[in-house]
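Based on these hints, arrange chain P on the given structure of chain S.
2 protein chains.
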Amino acid sequence: MINIRIVCVGNLKEKYWIDASREYEKRLQKFCKLNVIELTEQNKYQEINKILEIEGKEILTNLSDKNFLLDINGEQFSSEQLAKQITNLSQCYSTLTFVIGGSYGVSEEVKNKLKNKISFGKITLPHNIARIVLLEQIYRAFMINSGGKYHK
Amino acid sequence: MINIRIVCVGNLKEKYWIDASREYEKRLQKFCKLNVIELTEQNKYQEINKILEIEGKEILTNLSDKNFLLDINGEQFSSEQLAKQITNLSQCYSTLTFVIGGSYGVSEEVKNKLKNKISFGKITLPHNIARIVLLEQIYRAFMINSGGKYHK
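Residue numbers (this note's numbering), protein chains in the order written: chain S, 1059 to 1210; chain P, 1059 to 1210.
So that you can see chain S by itself, here it is in the shape it has in the complex (with noise of 0.2 Å):
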């Protein structure tokens, strides 16, 4: 069983937000063993490179051997295209590493880092809702190559 990990800067505070990832978390179960990590989010600091840099180090030192970065300029896959991604994945890696930002995004080192670059869009969604579209993607892309209903 594939090792999903989610890397997220800040935590979920609405109570639905929290609701929706645990569902989605409980769901992914069956296919995955699936850890979410949540990095503090800076807030001592005033200048963003600074919260940036600090958040930066922490995702850093999270990784895996297989990253990907949630960026609104990477490369924009299907549905069916994420699912195709994480089958051929799973044969080379042991875990696949998913990063989304803090509020301000992540440092230029990360985006540099990070070469494989994944976009939902061009248009910019909240943390919050990026981790719950993320996670239904990934559930999705399972329920794909299961051939499972789910995805019409």
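Be a bit skeptical, because a hint or two may be false.
All copies of an identical chain are treated as equivalent in the list; a pair is satisfied when it fits inside any one copy or across any two copies.
Said to hold, decoys possible - DSSO-like, lysine-lysine: derived pairs with alpha carbons at most 30 Å apart: (1) 1171 - 1091; (2) 1171 - 1210; (3) 1102 - 1207; (4) 1071 - 1088; (5) 1175 - 1210; (6) 1124 - 1071; (7) 1073 - 1180; (8) 1071 - 1207; (9) 1091 - 1175; (10) 1108 - 1207; (11) 1169 - 1180; (12) 1091 - 1071; (13) 1180 - 1071; (14) 1073 - 1088; (15) 1088 - 1207; (16) 1108 - 1071; (17) 1084 - 1073; (18) 1210 - 1169; (19) 1115 - 1091; (20) 1207 - 1169.
Treat the hints as calculated values from the structure; they're not laboratory data.
The following block gives chain P in isolation, referenced to the frame of chain S:
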């Protein structure tokens, strides 16, 4: 104050989607007169074309003078571009209607009649998440237009 209508097929079932939707509906009260019209999802028929035909007729009776269809193959806008569209259109139209199809999408008739198609990216979103993302993007658009700090 502009009227925003969201015409969608099927209701939100899970409490977390209902609560998330309510939160954005509440926030939007400040900026527009929002009307969410939930049409009945057809489940009497086996045949998908029949379902789409009946749902489609319902959609077409709920349009206004300016309509957008959420369509995976539609035009992608950034959040800033969507904000600008809303500003510009509010000069000419009193009501903007956004249509979200049901589990099987929408009929060809609806696709043909609604020329303005917006895509939130190449991924397939379930209709409940699409609805929350739409509400958030409309809220984000108003925040961008009002110069608020929400959009970074």
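Hints, verified against the model:
Taking the shortest alpha-carbon separations for residue 1171 and residue 1091, only the intra-copy value of 25 Å comes in at or below 30 Å, while the best inter-copy value is 45 Å. With identical chains, the CA atoms of residue 1171 and residue 1210 are at most 30 Å apart between copies only, with a shortest distance of 23 Å across copies and 36 Å within one. In this assembly of identical chains, the alpha carbons of residue 1102 and residue 1207 lie at most 30 Å apart only when taken from different copies (19 Å versus 47 Å within one copy). Both within a single protomer and between protomers do residue 1071 and residue 1088 lie at most 30 Å apart by alpha-carbon distance, with minima of 26 Å and 23 Å respectively.
Taking the shortest alpha-carbon separations for residue 1175 and residue 1210, both the intra-copy value of 26 Å and the inter-copy value of 20 Å come in at or below 30 Å. Taking identical chains as interchangeable, the C-alpha atoms of residue 1124 and residue 1071 lie at most 30 Å apart only when both belong to the same chain, with a minimum of 29 Å there against 36 Å between chains. For the identical chains of this complex, residue 1073 and residue 1180 are neighbours both inside a copy (27 Å) and across copies (28 Å), given an alpha-carbon limit of 30 Å. In this assembly of identical chains, the alpha carbons of residue 1071 and residue 1207 lie at most 30 Å apart only when taken from different copies (19 Å versus 32 Å within one copy).
In this assembly of identical chains, residue 1091 and residue 1175 lie within 30 Å of each other by CA distance solely inside one copy; the values are 22 Å within and 38 Å between copies. Taking the shortest Cα distances, residue 1108 and residue 1207 sit within 30 Å of each other only across copies (19 Å), while inside one copy they are farther apart (46 Å). For a Cα distance limit of 30 Å, the shortest separation of residue 1169 from residue 1180 qualifies both inside one copy, at 18 Å, and across copies, at 22 Å. Taking identical chains as interchangeable, the C-alpha atoms of residue 1091 and residue 1071 lie at most 30 Å apart whether they share a chain (24 Å) or sit on different chains (28 Å).
Taking the shortest alpha-carbon separations for residue 1180 and residue 1071, both the intra-copy value of 25 Å and the inter-copy value of 28 Å come in at or below 30 Å. In the homo-oligomer, the alpha carbons of residue 1073 and residue 1088 lie at most 30 Å apart both inside one protomer (24 Å) and across protomers (23 Å), since each shortest distance falls under that limit. Taking CA atoms no more than 30 Å apart as the test, residue 1088 paired with residue 1207 passes inside one copy only; the shortest distance there is 16 Å, against 40 Å between copies. In this assembly of identical chains, residue 1108 and residue 1071 lie within 30 Å of each other by CA distance solely inside one copy; the values are 24 Å within and 42 Å between copies.
In this assembly of identical chains, the alpha carbons of residue 1084 and residue 1073 lie at most 30 Å apart whether taken from the same copy (16 Å) or from different copies (16 Å). With identical chains, the CA atoms of residue 1210 and residue 1169 are at most 30 Å apart between copies only, with a shortest distance of 18 Å across copies and 34 Å within one. Only within a single protomer do residue 1115 and residue 1091 lie at most 30 Å apart by alpha-carbon distance; the minimum there is 25 Å, versus 45 Å between protomers. Within a single copy, residue 1207 and residue 1169 get their C-alpha atoms only as close as 36 Å, which misses the 30 Å cut-off; across copies the closest is 24 Å, which meets it.
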